[in-house]
Amino acid sequence: MKAIYERPRALKDIVTHYCPGCTHGIAHRILAEVIDELGIQGNTVGVASVGCSVFAYNYIDVDFQQAAHGRAPAVATGIKRVLPDTIVFTYQGDGDLASIGAAEILHAAARGENITVIFINNAIYGMTGGQMAPTTLEGMRTTTTPLGRQPASQGYPLRVAELLSTVEGAAYIARCSLHNAANIAKAKASLKKAFETQVQKKGFSLVEFLSSCPTNWGLSPQEALKWIEEKMIPVFPLGEFKVKEGEAR
Amino acid sequence: MAEVVLMKGNEAIGEAAIRAGCRYFFGYPITPQNEIPEYMAKRLPEVGGVYVQAESEVAAINMVYGAGGAGARVLISSSSPGISLMQEGISYLCGSEIPCVIVNMMRGGPGLGGIQPSQSDYFQATKGGGHGDYKLIVYGPSSIQEMVDIMFRAFSVAEKYRNPVMILGDGMLGQMMEPVSFPDETPPPDPRSRPWATTGNRGGKSKLLSSIILDPEGLDAHNWRLQEKYRRVEEEEVMWDLENAEDAEWFLVAYGTMARVCRAAMTMARREGIKVGLLRPITLWPFPKQAFEAVLPRARGFLCVEMSTGQMVEDVKLSVEGKAPVYFYGRTGGAVPVPRAVLKRIRDMVSGKAPSITDYYDRVAGGEIK
Ligand SMILES: Cc1ncc(C[n+]2csc(CCOP(=O)(O)OP(=O)(O)O)c2C)c(N)n1
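Heads up: the protein sequence lines correspond to chains A and B, in order.
According to numbering that gives the first Met the number 0, the stretch in the first sequence is residues 0 to 248, in order.
According to numbering that gives the first Met the number 0, the stretch in the second sequence is residues 0 to 369, in order.
Among the clues, some could well be false.
In the DSS-like style, the derived pairs of lysine-lysine whose C-alpha atoms are separated by at most 27 Å in a straight line are [claimed, not checked]:
{"hint": "1", "chain 1": "B", "residue 1": "288", "chain 2": "A", "residue 2": "200"}
{"hint": "2", "chain 1": "A", "residue 1": "225", "chain 2": "A", "residue 2": "191"}
{"hint": "3", "chain 1": "A", "residue 1": "11", "chain 2": "B", "residue 2": "322"}
{"hint": "4", "chain 1": "A", "residue 1": "191", "chain 2": "B", "residue 2": "204"}
{"hint": "5", "chain 1": "B", "residue 1": "343", "chain 2": "B", "residue 2": "322"}
{"hint": "6", "chain 1": "B", "residue 1": "41", "chain 2": "A", "residue 2": "200"}
{"hint": "7", "chain 1": "A", "residue 1": "1", "chain 2": "A", "residue 2": "191"}
{"hint": "8", "chain 1": "B", "residue 1": "206", "chain 2": "A", "residue 2": "191"}
{"hint": "9", "chain 1": "B", "residue 1": "206", "chain 2": "A", "residue 2": "11"}
Think of the hints as simulated: they come from the structure by calculation, not from any bench.
Start from the sequences, fold in the hints, and give me the full structure.
Here it is as structure tokens:
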């Protein structure tokens with residue numbers, strides 16, 4: 000009998016600590032599938048960030064460094080400069096990447112650092128209990144925007160993929176969603192393209208995943224997926240924002 | 000014999016690191032240490048190394064984390080405000096046990112302070128600096144030749160204990176020129192020769208460099224294991240220098256640039272018949288308590304001289320344990336005590352007119368002492 004669906008080799012056989020309905024698990028799985036398909040498991044170093052995915056190394060079976068909050072792109076830069084032929088990726092939440100680590104992600108892109116960034120946008124700080132993130136939607140309630148995010152005093156959500164696509168050093172920038180099977184398939188294709196960009200030494204690549212956080216959104220897993228489709232996608236449109244063609248460097 | 004060349008301190012630091020097998024440097028401009036990144040930007044590509052100007056000192060120290068964790072020999076340098084920004088990263092390096100060498104060419108603080116030499120980051124360097132129970136191994140060289148020699152030692156000690164090492168210099172040591180000769184070159188290490196380095200699992204067991212341990216028992220055990228390592232460092236790595244200790248009754252205690260000033264003052268005092276010695280800590284952590292034990296039976300007093308308002312003097316008092324009086328003289332903000340001023344304090348100490356440390360602070364505040 001031929002197996003048509005199994006656990007990717009790069010995914011450890013361990014129950015995750017993620018909440019029911021959280022899409023971190025889906026992102027992990029497609030990441031592991033891409034690692035398998037590209038045959039890079041033995042030559043990859045991951046950088047885990049600070050957030051719910053801090054323990055990503057417990058699930059993804061590659062060498063890992065755990066970075067300080069927001070600094071994963073700097074840590075990845077250090078690794079990649081020492082091991083230019085090793086595949087290096089970071090896995091970061093929106094608080095980590097777009098708030099405290101805004102400088103590090105921008106400058107890693109500006110340097111055209113040949114790394115891949117997996118960016119989980121769940122519009123909230125998950126690990127610390129549901130505070131406002133830089134990607135929190137206008138009017139969205141969080142524990143630190145109890146009346147809903149008020150742009151007049153709390154600003155507007157940051158569109159990371161669009162922002163980074165203006166940077167010369169960025170080679171591949173895309174935004175995908177993890178709310179249904181069709182979109183997960185597209186997300187995986189994008190992620191694979193991002194890693195291929197790195198394999199071909201074309202420069203900085205980033206894939207933003209719109210993700211659910213049912214626990215901190217106060218929704219059921221199913222409602223949360225619907226919320227991504229109805230509320231997040233209009234603010235964070237999907238697609239490829241930058242695809243640098245041409246020669247590898 | 001090795002060739003002797005005349006070199007600026009900051010450039011000698013860079014050259015020494017390269018000859019000690021360092022091929023990676025991450026930095027951010029700040030006076031008075033800019034010659035270090037500038038030198039590395041020019042020299043590293045010549046030897047197949049990599050120089051990256053980071054977007055901030057915060058990013059730079061985290062690049063060091065990544066590169067050191069990938070098994071490379073890495074140098075980073077800055078001056079006081081930049082070193083303050085690195086403290087979180089340094090805590091992570093200690094927690095994850097990643098070796099590297101950090102140079103701080105100290106300038107005056109607090110805040111933006113000034114750009115002149117200072118020794119006011121002693122507490123930050125030797126007592127932790129960032130969060131958590133950790134220790135840096137800290138050297139306080141007092142000549143360019145000693146900085147060069149210590150650079151070689153620093154990398155091997157950092158790697159032996161898998162711990163960051165700090166070389167605590169000051170603007171004066173960085174900016175002045177002296178003749179130096181370099182030890183034989185050491186080749187850069189192969190990252191894959193380090194079993195703990197994250198270089199890709201090659202089909203084997205995946206490696207992890209991390210400082211998060213949520214289980215209280217686990218974190219407690221990790222901390223005590225680190226402490227056990229620090230005890231070994233205390234036993235094996237402490238360094239100091241004693242001058243004129245044979246007959247000395249009065250001791251100057253100083254490191255770095257101040258040790259040079261004190262040496263001149265010691266010579267002047269000896270001409271007056273005052274039996275002065277110089278106790279010069281070379282490792283600031285671990286602090287050379289043993290040196291004090293050796294001279295205490297004869298010592299009638301210690302005068303600690305610093306370019307700060309009195310930081311190392313606390314370790315001097317802890318080492319002397321009340322068995323002899325301890326006095327202090329210091330200037331800050333780039334005002335460097337001159338030998339004549341130190342001589343005056345030596346005379347005061349000998350004649351019993353030196354103020355206690357508390358009185359000293361009051362009299363400085365009152366404008367009585369300059
Ligand atoms: C310097 C620092 N500041 C704050 C924190 C606390 N902290 C831990 S996780 C986190 C937010 C993470 O949110 P996000 O990046 O969106 O990831 P998520 O948990 O939602 O997956 C914060 C603020 C920290 N660990 N370090």
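For a C-alpha distance cap of 27 Å, please report whether residue 206(B) and residue 191(A) respect it.
Roughly 24 Å separates the two Cα atoms, so the pair holds.
When you check the alpha-carbon spacing of residue 1(A) and residue 191(A), does it fall within 27 Å?
holds (24 Å)
Practice prompt. Would you check the hint for residue 343(B) and residue 322(B), treating anything up to 27 Å between C-alpha atoms as holding?
Written response: holds (24 Å)
| said: What's the verdict on residue 191(A) and residue 204(B), does the C-alpha distance respect the 27 Å limit or exceed it? | reply: holds (24 Å)
Do the alpha carbons of residue 288(B) and residue 200(A) lie within 27 Å of each other, as the hint requires? violated (54 Å)
Exercise. Between residue 225(A) and residue 191(A), is the straight-line Cα distance small enough, at 27 Å or below?
Worked result: holds (26 Å)
Exercise. Going straight from one Cα to the other, do residue 41(B) and residue 200(A) come out at no more than 27 Å?
Worked result: holds (25 Å)
task = Compare the distance between the alpha carbons of residue 206(B) and residue 11(A) with 27 Å, and conclude whether the hinted pair is satisfied.
result = holds (14 Å)
> Holds or violated: residue 11(A) with residue 322(B), Cα cutoff 27 Å?
Replying inline: violated (61 Å)
The structure shown violates the earlier hints numbered 1, 3.
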